[in-house]
Amino acid sequence: MSTDTLPAKEAAAPAASSPGGRNTLRSKRRRNALRTLAFMSPWLIGFGVFFAYPLVSTLYFSFMKYDGLNPPTWRGVDNWTYVFGEFPQFWPALRNTLWLAVVMVACRVLFGLGVGMLITKIKTAAGVFRTLFYLPYLAPPVAATLAFVFLLNPGTGPVNALLEAVGLPAPSWFNDASWSKPALTVLAVWGVGDLMVIFMAALLDVPKEQYEAAELDGASAWQRFRYVTLPNISPIVLFAVVTGIIGAMQYYTQPIVAAKVASGKMGGSGEVFVPGYPDESTLTLPQLVYSLGFSQFNYGAACVVALVLFAFSMAFTALLMRRRGGLIGSGD
Amino acid sequence: MTTATAPHGASPAEKRARRRSLLHWIAVHSLGIAAALFFVLPFVFVLLTSLMSDDQALTRDLTPNSWHWDNYVKVFETPGFLTWWKNSLLYAGLGTALVVVSSIPVAYALAKFRFRGRHLSLLLVISMMMLPPQVVIIPMYLFWAKQMDLSGTLWPLIIPMAFGDAFAIFLLRQFLLTIPDEYVEAARIDGCGELRTLIRVVLPMAKPGIAAVALFQFFYCWNDYFGPQIYASENATAWTLSYGLESFKGAHHTDWNLTMAATVLVMAPVILVFFFAQKAFVEGVTLTGVKG
Numbered sequence: 000m001s002t003d004t005l006p007a008k009e010a011a012a013p014a015a016s017s018p019g020g021r022n023t024l025r026s027k028r029r030r031n032a033l034r035t036l037a038f039m040s041p042w043l044i045g046f047g048v049f050f051a052y053p054l055v056s057t058l059y060f061s062f063m064k065y066d067g068l069n070p071p072t073w074r075g076v077d078n079w080t081y082v083f084g085e086f087p088q089f090w091p092a093l094r095n096t097l098w099l100a101v102v103m104v105a106c107r108v109l110f111g112l113g114v115g116m117l118i119t120k121i122k123t124a125a126g127v128f129r130t131l132f133y134l135p136y137l138a139p140p141v142a143a144t145l146a147f148v149f150l151l152n153p154g155t156g157p158v159n160a161l162l163e164a165v166g167l168p169a170p171s172w173f174n175d176a177s178w179s180k181p182a183l184t185v186l187a188v189w190g191v192g193d194l195m196v197i198f199m200a201a202l203l204d205v206p207k208e209q210y211e212a213a214e215l216d217g218a219s220a221w222q223r224f225r226y227v228t229l230p231n232i233s234p235i236v237l238f239a240v241v242t243g244i245i246g247a248m249q250y251y252t253q254p255i256v257a258a259k260v261a262s263g264k265m266g267g268s269g270e271v272f273v274p275g276y277p278d279e280s281t282l283t284l285p286q287l288v289y290s291l292g293f294s295q296f297n298y299g300a301a302c303v304v305a306l307v308l309f310a311f312s313m314a315f316t317a318l319l320m321r322r323r324g325g326l327i328g329s330g331d
Numbered sequence: 000m001t002t003a004t005a006p007h008g009a010s011p012a013e014k015r016a017r018r019r020s021l022l023h024w025i026a027v028h029s030l031g032i033a034a035a036l037f038f039v040l041p042f043v044f045v046l047l048t049s050l051m052s053d054d055q056a057l058t059r060d061l062t063p064n065s066w067h068w069d070n071y072v073k074v075f076e077t078p079g080f081l082t083w084w085k086n087s088l089l090y091a092g093l094g095t096a097l098v099v100v101s102s103i104p105v106a107y108a109l110a111k112f113r114f115r116g117r118h119l120s121l122l123l124v125i126s127m128m129m130l131p132p133q134v135v136i137i138p139m140y141l142f143w144a145k146q147m148d149l150s151g152t153l154w155p156l157i158i159p160m161a162f163g164d165a166f167a168i169f170l171l172r173q174f175l176l177t178i179p180d181e182y183v184e185a186a187r188i189d190g191c192g193e194l195r196t197l198i199r200v201v202l203p204m205a206k207p208g209i210a211a212v213a214l215f216q217f218f219y220c221w222n223d224y225f226g227p228q229i230y231a232s233e234n235a236t237a238w239t240l241s242y243g244l245e246s247f248k249g250a251h252h253t254d255w256n257l258t259m260a261a262t263v264l265v266m267a268p269v270i271l272v273f274f275f276a277q278k279a280f281v282e283g284v285t286l287t288g289v290k291g
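Residue numbers (numbering that gives the first Met the number 0), protein chains in the order written: chain A, 0 to 331; chain B, 0 to 291.
If you are wondering where the hints come from, they were derived from the structure by calculation, not from laboratory data. Just so it is clear, CB atoms sit at the ideal spot from N, CA and C, and this is done for glycine as well. Heads up, some of the hints might be wrong.
Taking CB as the label site, the calculated pair distances span [stated by the list, open to error]: (1) K207(A) x T58(B): 52 to 62 Å; (2) D77(A) x M147(B): 22 to 32 Å; (3) G190(B) x L97(A): 57 to 67 Å.
Just need the whole structure built from these sequences, with the hints factored in.
Rendered as structure tokens:
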């Protein structure tokens, strides 16, 4: 790391150079610092105004009673005890987020790995397959969610028509509290293209000699996967799991659009949209920030949920950064 | 696949190996076709439904009896739809340009300068990248609505993009790391200032990285739902396609055909852009996941 070299230079400079040389060294260093500052300035301003300030402000409001109209008044830990103790939607939302972080992430990673392995084996028209597999990842979330609410529509949707045609049970998907999260998982698995590409690159990086050596030793296909492939790609699997969990924490657009469209209550013209339809089964933490803040104008409680979200996200981000050679990688 | 070593022409062992590799080919490609159907059929069903008549869209039919291309005309005639389209282009176009211009110097400094606090800056960039937007939304909304009086517009979403975007900075930095330092040093020795080095030497080599960042940013803005919901929901003339699309279903209650036509029109630009810039995009996805 660069900071290690700086003190050493500083110590060596006075002994080695004349007073004149010292001045030029100092001015050069100052010029370099100014140059760095100039190049970094857009982000430094952005960091202050759009990250540090609002974060401190969120902490401040979490101890205040504030509705956006009357001036904020001190409330102590009341917002915190309200959210954890009385606010009925907090624990369901946390449970849902946990469900998504486990089941949805696991399905996406396993499926992404499977498709990634498949694509490295496909020899004919590989480019066409790759493009087709990747395309759903690009579908705008609102459009993709609308499409899936239609496709999984219990009455007239083509998926249930197909399921019934082959004699399988046809669930109510987005209209049934026990099927709404699996329906969202199907949607998430459909857009697995990002993981496929990452896994594909990792799989192609596994040294060929290791497979050849394993084959000479008479390893079966499973053994080759278990003892050659998996150890080689495990950092990427971990990366996919951790970023997947962070994504699950932020999961917002798909559940809120699905709930609105499936319930038929869009929240416009007098209808009150209650997030989480059906039965709070699609409620997630980010939705609570929105509904507490912008429907109930309880900014204090909204900030408490925001800080819970912050704590979770940063905990997993720290995990990501601690891994040697993980996200930050080379250059240090 | 593996071919067993056979010393003479078509020995039984070789034949067996050839048959095995043919079976393997069939198995892999059947699986591939099954997976392709899973990925493509939703698009196909949406497209087919968008061409059905109002009544047929409410049935279980999979293909239209008669093809109603005028559904797309009806979507464009829906009040607001063209405005949303324009707003999406403004948000995505301006946002992308601002993010690219403001993120390049920061990424360059993080990749090629040695300075105290570089590592810390990088950690903070990653933290910002992973921060759910909802965490800071209350103070941000109060800032833009009360201090700046800009609620009901898209400016609270566009202006911050002039101050770099954490994801763009991170991705560009990863890309710039792959450019050897020797190029930068050679330019410095030739007497180029840092800005000239960046513009004349580094940027031409970083084109694929910049293209990837621009694409990601364009898609992010185009797809953004939360941002317009917070700042623009009160003013329908400031809605974007992604936000307006949802209300489309509300306005056209049971008209799944029109809703699906609108869905196609929101998906189409993204998919078209992807076909033209596939390589840069896939490269970008790989760069963020795998170390540079």
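Do the hints match the structure? See the list:
{"no.": "1", "hint": "K207(A) x T58(B): 52 to 62 Å", "result": "holds (54 Å)"}
{"no.": "2", "hint": "D77(A) x M147(B): 22 to 32 Å", "result": "holds (30 Å)"}
{"no.": "3", "hint": "G190(B) x L97(A): 57 to 67 Å", "result": "holds (59 Å)"}
In summary, this structure violates none of the numbered hints.
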